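J.: As given, the protein sequences belong to chains A and B, one line each in that order.
Per our numbering: the first sequence ends with 115, consecutive numbering throughout.
Per our numbering: the second sequence ends with 226, consecutive numbering throughout.
Bear in mind the hints are in silico, worked out from the structure with no lab data behind them.
Treat the numbers as computed from the prediction; the structure is a model and nothing was measured.
A portion of the hints provided could be inaccurate.
Which residues of chain B face chain A? A partial, calculated answer using Cβ under 10 Å [as the list claims (entries may be wrong)]:
(1) E121
(2) N133
(3) Y150
(4) R156
(5) G157
(6) L158
(7) V159
(8) L161
(9) R195
(10) T199
(11) F203
(12) A205
(13) V214
(14) G219
(15) S223
Calculated lysine-lysine pairs in the DSSO-like style (CA-CA distance at most 30 Å, straight line) [said to hold, decoys possible]:
(16) A:K57 <-> A:K11
(17) B:K185 <-> A:K57
(18) B:K141 <-> A:K57
(19) B:K171 <-> B:K185
(20) B:K141 <-> B:K184
(21) B:K141 <-> B:K185
All C-beta atoms, glycine included, are put in the ideal place defined by N, C-alpha and C.
Each chain, written out:
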Amino acid sequence: GAGVSQSPSNKVTEKGKDVELRCDPISGHTALYWYRQSLGQGLEFLIYFQGNSAPDKSGLPSDRFSAERTGGSVSTLTIQRTQQEDSAVYLCASSLSQGGVGGYTFGSGTRLTVV
Amino acid sequence: SQQGEEDPQALSIQEGENATMNCSYKTSINNLQWYRQNSGRGLVHLILIRSNEREKHSGRLRVTLDTSKKSSSLLITASRAADTASYFCATVATSYDKVIFGPGTSLSVIP
């Protein structure tokens with residue numbers, strides 16, 4: 001596609017349920033990032049995929065969070081046993097190269113609300 | 116530790132005035148980028164400046180980079196109400212690992 005696509009755009013879930021957030025990056029982009037943004041806050045790095053290398057998971061806040069990237073393209077961020085503090089906008093970005101020389105293209109995000 | 120820190124946190128100006136936002140960072144970088152975010156959703160890439168560059172222009176945007184002070188500034192000239200948004204700087208370390216964003220500057224341009 002022409003841009004980074006994220007789905008769903010909004011997700012309301014009950015505390016304790018699992019959720020899956022999807023990111024479809026720009027075709028050919030080797031680098032893919034997940035960030036989390038709480039209301040009125042900056043972006044919190046979660047995880048980074050680069051090509052076939054092992055992902056950098058250093059930003060994942062707990063073992064309830066996991067992500068995978070299949071075939072070097074679509075990525076899924078999974079949050080197990082959701083908590084209210086998980087409520088945020090989850091943003092995905094992709095870049096043509098590791099250094100983001102061409103800039104990072106962001107999706108519109110998934111707004112997750114845990115009730 | 117957080118790589119980028121913008122200041123001010125919030126800025127309110129009249130339409131037509133210039134807006135200046137600053138960003139400081141802590142480690143060596145390959146490049147620094149500025150992004151705009153409207154309505155708390157996706158970010159839009161504005162401009163990228165490499166570590167060996169000192170100044171870059173794009174339309175009404177002017178970015179400077181001082182690697183000795185580990186700081187950058189974004190100047191928006193002749194601001195418009197449509198420039199109202201949050202602006203973030205992002206640094207890409209020389210090791211090409213994760214991109215770190217600062218907390219952002221919220222800009223309000225009053226018509």
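J.: Does each hint fit the structure? Answer for all of them.
T.: We went through each hint and held it up to the structure:
1. E121: holds (9 Å)
2. N133: Violated: closest Cβ of chain A sits about 24 Å from N133 (chain B), beyond 10 Å.
3. Y150: holds (8 Å)
4. R156: holds (5 Å)
5. G157: Result: holds, 4 Å to nearest chain A Cβ.
6. L158: holds (4 Å)
7. V159: holds (7 Å)
8. L161: With a closest approach of 8 Å, the L161 (chain B) hint holds.
9. R195: violated (22 Å)
10. T199: Because about 15 Å separates T199 (chain B) from the closest Cβ in chain A, which is outside the 10 Å limit, the hint is violated.
11. F203: holds (7 Å)
12. A205: With a closest approach of 7 Å, the A205 (chain B) hint holds.
13. V214: holds (6 Å)
14. G219: holds (5 Å)
15. S223: Status violated, d = 14 Å.
16. A:K57 <-> A:K11: It holds: about 23 Å lies between the C-alpha atoms, which stays within 30 Å.
17. B:K185 <-> A:K57: The given pair, whose Cα atoms are some 27 Å apart, holds under the 30 Å limit.
18. B:K141 <-> A:K57: Satisfied, since the Cα-Cα distance of roughly 21 Å is no more than 30 Å.
19. B:K171 <-> B:K185: holds (16 Å)
20. B:K141 <-> B:K184: holds (9 Å)
21. B:K141 <-> B:K185: Roughly 7 Å separates the two Cα atoms, so the pair holds.
Checked against the numbered hints listed earlier, the structure breaks hints 2, 9, 10 and 15; every other hint is satisfied.
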